[in-house]
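J.: Residue numbers (the working numbering), protein chains in the order written: chain A, 1 to 413; chain B, 1 to 413; chain C, 1 to 337; chain D, 1 to 337.
All clues stand as given, with none of them false.
The calculated lysine-lysine pairs, modelled on DSSO-like cross-linking and capped at a C-alpha distance of 27 Å, are:
id	chain 1	residue 1	chain 2	residue 2
1	C	Lys266	D	Lys336
2	A	Lys405	D	Lys213
3	C	Lys336	C	Lys239
4	A	Lys405	D	Lys266
5	C	Lys213	C	Lys239
6	D	Lys190	D	Lys239
7	C	Lys266	C	Lys239
8	D	Lys239	D	Lys336
9	A	Lys327	C	Lys47
10	C	Lys266	B	Lys405
11	A	Lys398	D	Lys211
12	B	Lys398	C	Lys211
13	B	Lys398	C	Lys213
14	B	Lys298	B	Lys204
15	C	Lys213	C	Lys190
16	D	Lys336	D	Lys219
17	D	Lys47	B	Lys327
18	A	Lys405	D	Lys211
19	B	Lys405	C	Lys211
20	C	Lys47	B	Lys204
21	D	Lys336	B	Lys405
22	D	Lys266	D	Lys213
23	D	Lys213	D	Lys239
24	A	Lys298	A	Lys74
25	C	Lys213	C	Lys266
26	D	Lys213	D	Lys190
27	B	Lys398	B	Lys204
28	B	Lys405	C	Lys213
29	A	Lys405	C	Lys336
30	C	Lys336	D	Lys266
31	D	Lys213	A	Lys398
32	D	Lys47	A	Lys204
33	D	Lys266	D	Lys239
Just so you know, the hints here were simulated from the structure itself, not pulled from any lab data.
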Amino acid sequence: MERNAKMAQNNLHVPSNVARPGDAPDFSSVPLEPAGAAARPKIDVAARETHDLSYGLIRVLDDDGKAVGPWDPKLSAETLRTALRHMVQTRIYDNRMLRMHRQGKMSFYMTSNGEEAIAIGQGMALRDEDTLFPSYRQQGLLFVRGRSMVDMASHCMSNARDNLMGRQLPVHYTWREGNLFSISGNLCTQFPQAVGWAMACAYKGEEAIAASWIGEGSSAEGDFHVAMTLASVYRAPVILNLVNNQWAISTFQGIAGGNETTFAAKGIGYGIPGLRVDGNDVLAMHAATTWAAERARKGFGATFIEALTYRGGAHSTSDDPARYRPKEDWGSWPLGDPIERLKTHLIVIGEWSDERHAQMEGEITDQVLNDLKEAEGYGTLNAAPRPDPVTLFDDVLKDMPPNLKRQREEFGA
Amino acid sequence: MERNAKMAQNNLHVPSNVARPGDAPDFSSVPLEPAGAAARPKIDVAARETHDLSYGLIRVLDDDGKAVGPWDPKLSAETLRTALRHMVQTRIYDNRMLRMHRQGKMSFYMTSNGEEAIAIGQGMALRDEDTLFPSYRQQGLLFVRGRSMVDMASHCMSNARDNLMGRQLPVHYTWREGNLFSISGNLCTQFPQAVGWAMACAYKGEEAIAASWIGEGSSAEGDFHVAMTLASVYRAPVILNLVNNQWAISTFQGIAGGNETTFAAKGIGYGIPGLRVDGNDVLAMHAATTWAAERARKGFGATFIEALTYRGGAHSTSDDPARYRPKEDWGSWPLGDPIERLKTHLIVIGEWSDERHAQMEGEITDQVLNDLKEAEGYGTLNAAPRPDPVTLFDDVLKDMPPNLKRQREEFGA
Amino acid sequence: MPQQNMIQALNAAQDILLERDPNVVIFGEDTGYFGGVFRATDGLQAKHGLQRVFDSPITEAGIIAMAIGMGANGLRPIAEIQFSDYIFPGFDQIISELSRLRYRSAGQYTAPVTVRSPWGGGIRGGQTHSMSPEAFFTHIPGIKVVVPSTPHDAKGLLISAVEDDDPVIFFEPKRLYNGPFDGDHEAAAKSWAQHSGGDVPDGHYTVPLGKAKVVRAGKDASIITYGTMVHVALAAVAKSGIDAEIIDLRTLAPVDLDTITWSVEKTGKCVIVHEAPKTSGFGAELSAAIQENCFYHLEAPITRVTGWDTPYPHAHEWEYFPSQARIINALQHVMKV
Amino acid sequence: MPQQNMIQALNAAQDILLERDPNVVIFGEDTGYFGGVFRATDGLQAKHGLQRVFDSPITEAGIIAMAIGMGANGLRPIAEIQFSDYIFPGFDQIISELSRLRYRSAGQYTAPVTVRSPWGGGIRGGQTHSMSPEAFFTHIPGIKVVVPSTPHDAKGLLISAVEDDDPVIFFEPKRLYNGPFDGDHEAAAKSWAQHSGGDVPDGHYTVPLGKAKVVRAGKDASIITYGTMVHVALAAVAKSGIDAEIIDLRTLAPVDLDTITWSVEKTGKCVIVHEAPKTSGFGAELSAAIQENCFYHLEAPITRVTGWDTPYPHAHEWEYFPSQARIINALQHVMKV
Ligand SMILES: Cc1ncc(C[n+]2csc(CCOP(=O)(O)OP(=O)(O)O)c2C)c(N)n1
Ligand SMILES: Cc1ncc(C[n+]2csc(CCOP(=O)(O)OP(=O)(O)O)c2C)c(N)n1
Ligand SMILES: [Mg+2]
Ligand SMILES: [Mg+2]
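For reference, chain A alone in the conformation it holds in the complex (with noise of 0.2 Å):
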C-alpha cells in the first residue's frame, strides 16, 4: 500500500516513445526538408551560423533521384560508379561475413548495413594521408582505401594471415599502411585520440588531418566532450562526426538525448560549426566532409557532423533486434537505402542501369566469395593455421620485460 502511494506520484520522466515490437514503426520526427534546400556557408563560418544547419538535414539526392542544391560536389560519373562499387561491396562482404559467423568460423561480427554512404561518401572525400579514427562500423572506409578483402577476413577470423596476430575481436580493424587507426572496442576513446593526432599534424605543419566516427549512443560518455573541448581550444584540424543510426544495441535515440536536441547542435556549444547530414545520401555525406576537410586544412578547426541514418540489422551477431524494435523497420525509414538511392542518381543522370548494377553485384560476390575462401585457406577461429600461440607474449613493451619472459617459459617456450 505505501509502496503503491510512493510509485503514484513517481515524477521520474524516463523516455520511451519509441516503436517497439508489435507497433508500426513511427518515423514521424525525422526531418524531411526537401534535398537542395540548405545553405552552403563559407568555410570560415562562425559555429553560431550553423544554427539552422545544425537543427535541419544537408540533403543533395532529391527525391526523384536528382542532384540539387549549394551541396552538391559534382561528382564525375565515374567517381559516383566507384562510390557505389565501395556500397555494394560493403554490403555484400558484411552480409557474407556475417554467414561466416554463423558457421563459426569467427568469433563475432558486425554489419554495416544501411549506413555505407557515411564511411564511403565521407572516406572519398578525404585524402589518402588523413589519418582515419573509425568505430567498428565503418569498414566502408577500409575498401575505399583500398584494403584487400582477404586481409580483412583473415582479421576477422583471427588467422596466420590476421595482421593483429589474433589479439582482437572481428571487425576490430587496424591498417597502419592505409592510415586507419586502431579500432577500440571501448567506446569513444578515439574522438579525442583524433583531437591529438590532429594536432600533431598541425604541430608539423602537415597538410593531413584526422577523422573520427562514433555512434549516437557513445556520445554520452565523457570523451565526446573532451574531443569537443579540445578540438575547440587548439582548433584542431579534424572532423568529428556522429552516425545517428537510431540505436545503441536496444536503446533508442532518446536515451541518448535525441529526444531534446539534435546532435549536431551539440557543436555549436563548444563554438564548432555543426552539420547534420543525410547519412544515406552519398552526395551530401561527401559534400559535407569536403567542406569540413578544406575547413581544417585552410586552419579553421574542427567540424562536427551528425549523419542521420538508420541501422539496418542487428547490434552484432550477439544480439536479436527483434526482441527490441520492429520487424521491418529498416524497410520504413524515410531515408531509404543509401545503395538505392545513389543508383537511382546514377540511372537517372544516365550513367547506370538495372543490368550493369547486376552485373557489378555478380562480380563483386563472386569476388568476395572468393576472397573469403583464399582467406579461409589461412585458417579460422577454429581451424589451423592460426598466429603461433607464443606471440601472445609479444607486444606487450617494445622489448619483453623480464615477467613476461619468465611466464613465456611457464607457457612452455
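Given chain A, work out where chains B, C and D with the ligands should sit, using these hints.
T.: Then chains B, C and D with the ligands, alone, in the frame of chain A:
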C-alpha cells in the same frame, strides 16, 4: 637547423590572448549588455529559444544602481539587506580566515572574493529542502543556510569540533543538516551526482530540487557532459551552475574553451536552456535562479546558468596570482564589485546608507572575530584539541572490517 | 528445490529486491526495455515500471554518479556496467566519490550503491569483454567486492549486497551464467540443472558478505580462488589425485582471512588461482597476507596460477585462461616439497 | 657537481629533452605560462615557445587521449597530471588505450607518452593531494611505472622515460621536491644541497629504467621501498642499530626482481615499505614475488609497513604516514625470529 625549419611551420593553435603580468588588464571582450535588456521567457521555454540569453547577459542592476527590466526579482528591502549582510559576512570571514591560515592555524584556504553574489543570490532563491552540491568556492551558501561560523572555522582548522573529524581539507565543507552535500576536492564530480539526487527527488515525488556549481575550468571534465546529458535525458529537477570567474588557477578561460563560445551556450546543445547572467549582480543571480527553480519544480527539467564574474583573489593559499595575471586586475573588472553594487542599489532606493553599512561591517567583523576565537578554543591544525586520532579508522565502512580492526590494533588502540 | 542458471538467479534476486523495497531502482546500458545484454533484468521493467528499471545513456561515469546521487538521497540503486572492461570511465566516481563519501562526510552522507558487472573471460570476448579487474577495487578503502560462483550464491550475495549500507562492486563471472565451466572448452557445455549450486531457493534469502566457503574439504593443500576458477580448480583437483581443499572466497573485500588461514595452517601448502594478470593481481594480496599469517605453517612457496601479464587475447584465449593442467602442475609443485 | 632540488632537476631534464628533440611537447593543467603548480615546467614555455609547452583544459582524460594521438603521430609528449589523485578521469584512456595500443595493433601504432604526476603524501594535502596509486598501474600490462627518490635519479629517469618507446607513468614524490624528508615532520626541513642525491650533473644523462639501487648495503634484513619512504627507511635503520640493506626500486614495473632476490636471499628477512594502503598495495606483489623466489631463504615473515586501509586523512596525516618508528618495529619484528 632542421629543428628550426620544423618550428617555423608549427601551426598548432594555442590560445594566449590574455593580459599577463606587466600588461594592462584587458576586459574588452566582456559583454556589457545594458541592464534590463534581456527578455524573460516563460519557464517552459524550449532550449533553442534561449539562444540570445545564452550569448547575451542578464543584468538587473544598472550603472546608476537601479533595478530594471523583466528579470528584476522585486525583492523586499529587508531581503536585500539580508543578502548584503551575507555577502559582507562572507567577505569578512574569508579574509579573516586567510589571515588565520598565514598564522598556521589551518593548512589551506580559498576565498570567494568577488563572487559572493553568486552563492548568496542563488542560495536565497532556493528552498531549505533543496540540496546543494557546490564546489569549494560557494561558502556563501552556508551563510544563507545559517551555519555557525564557529562550526565552519572549526572544520577549516580540523579541530576537535570539526564535523568532518579532520578528514577533509579546509573549505571542503559537508553539512547534512543544512542540506549541503559533501564538497569534493575532485573537480566536477558533484555535477552528475546532483543530477542523480534530483532524479531521486522526482522519483519520490518531492518538490525539492538540487543545485550544483562548478568553475569554468572544471567544465572541461567529462563529468560536465555526463551531468548535462543525464539532466537532459531524464529532465531532472536540477540547476546546473557554471561560475565563470575567468581563471582556473593560472589558466584563463580561453583554455577552457571560452574564446570560441560562451559557456552558457553549451546548455542548448543538450536541449537545456542556457542563461548567461551577470554574476556580480545579486538581483540577476537571484532572478535567474528563481526562474530555474520554478522550471525544475514544475517538471520542465534542468537549467544551465553561467555566472560571469571575476576571481578577486588568489586561487588558493597555494598560489601567487602576481605570477600569471596583471596586478590589480580585479579593480578594472567591468562588472564591478558585487557588494558595492548591492550597497549602491539599497542606497539609491533609500533603504541604506554609508553609515549603516559601516556599522554593519563593524558588527560583522566583531562577530567574525568572536566566532573565530571561539573556534580556536576547540583547537587548530597545530594546537590541541583535535579529533581523536583513532577515529581515522572509522567511517570507512559502516562496520569496521577485520583488516581495519587489525590495523587499528597495530596503531595501538 | 528449483533449478536456475545464474542469470535467472540474479534476475530473481532483483525482482525480489524491487518488490520488497520501493527505493530499489535498476539502471544501466540496455538494462531497461531489453533486460540487459545478458538478460539479467529481463522482464523487470515490464513488471515494475519504466521508472524503476530503465535504460541509461552510454556513460559509465554517469551511471555511477547518478547512483551516488540517488543513493545519497534515499534510494538503493543497482547500477549495471555492461562489461567490467567498461567500468573505467566510471573509475574516478568509484574511487574518489562512492568509496569515500561516508568517510569524508564523517557519516553524514552515504550511498548504498550496488554495481553489478559481468566479469572474467572464457567467452571469446577478446580484450574488451574478458577482463577481471577485481584487484583494482580491492585496493580501494570504502567499498566491498563480491564474486559469486554459483546461482545459489549469486542470488543470496546480490540480495546481501543491495541490502548492505555500503557500496558493493558485484562482479559476475559471465562464463558461469549458463552453466558451470571447468576450463575444458572442448567438452560439451554443462547446465546448472545438474549442479548443486543451481539449487536456488525461491524468495528472499541471503548469503553473508565477507564469508568464504570451503567448496571441497582436503588436507594436502589449499587452493584459494573465486569465480569461474572455482570450477576449474574442482576439476583439476579431481584429476590430480591430490586431496586439496578449495576455498571459494565469494567476497574479496573484506576478505575472510580467518577461513583462509585456518585452511593453510592445516595443509601447509597453498595455490592461488585467478584469471587476471599475475603482477599486482588479487593473488598478490592473498599471498602476502597468507605468508604474513601462516609463515610458520608453510611447507612450500605459495604459488599463483593466473592470467599472463598481457592484455586478454582473442584467438589465444585458451592459452591465456588458467587451465586445469596449470593448476595440477602448481599442486604437484607445492606437493613435491 | 651542481646542486639541484628535485623540481630543478625535473625542469632541467625537460629543458634538455625539448632542446634535443623537436617532437617533445609538454602539456597539462597550468604547465604552460605558469610553469606548473609545483614549477616543474617553469620557464619552459618562455624558452621553447607556446606550441611546445602549453596549458591544457582541466580534463585528465583529454590530457592522456591527446598525448596518445600526438604520440602515435610522431610526437613525444610529456603529459602532466597535476596530482596523481586526479589521474582517474584519465584511467580508462591509460588502461584501455595507452597501455594496449602496441599490443592490439600488433606494433603498428605505439605512443611513447610519459605521464608525469606529483605523487604521495606528507604535504598536508588531505585525501585529494596525497594518494599513492602506483599499485593500480603495476597491474596494467603495457606500461612502465617509475618513482624516483632523489633529484639525480629524477632527472636521469625522466630522460630515460621520455626517450623510451613505451608509455611510462612517472610518479614524483612531491614531499621530496624541496628536500629529502625522513618522516620527522617536526624537524627543520632539510635541503637537497646537503644530500648526495642532490648532485645533479649538467646536461643529458640517463638512469636506466628497470634497475633498482641499493641505497644502503646491509646484511641483517632487506628493506624494499621507493619514493619518499627510501629516506624514512634510511633514518629508521640508522636509529635501529640493525644492519639492514635498503633497496630503492626506482622502477616498479617492470620491477628489478634480480636485485630484490639477491638481497633477500642474503639477509633472509624482508620489510616492505610504502605509503599506499596495505590491501592490494604494491607491497602485496613484492611480498608474493619474494616469497615465490626466496622461500627457502626466508627466516621470518615478510612484513609490510604501509598506509592504513583508509582514505588519506588530513588532520591525522602523521598517524597515517608510515613512520620511522613503525619501520623500526617491523625490523625488530623480523629480527626477533
Ligand atoms: C565504454 C563502453 N561501454 C559500453 C560498451 C558496450 N557497447 C558496445 S556497442 C554499444 C552501443 C553503441 O551504440 P552507438 O554508439 O549508437 O553505435 P552503433 O552500434 O549504433 O554504431 C555498447 C553499449 C562498450 N563497448 N564500451
Ligand atoms: C580532477 C581534478 N583535476 C585537477 C584538480 C586541481 N585543481 C584544483 S582547482 C583547479 C582549477 C579549477 O578552476 P575552476 O573550475 O575555474 O574553478 P575556480 O577555482 O576558478 O573557482 C584545479 C586544476 C582537481 N582538484 N581535480
Ligand atoms: Mg547508434
Ligand atoms: Mg574559474
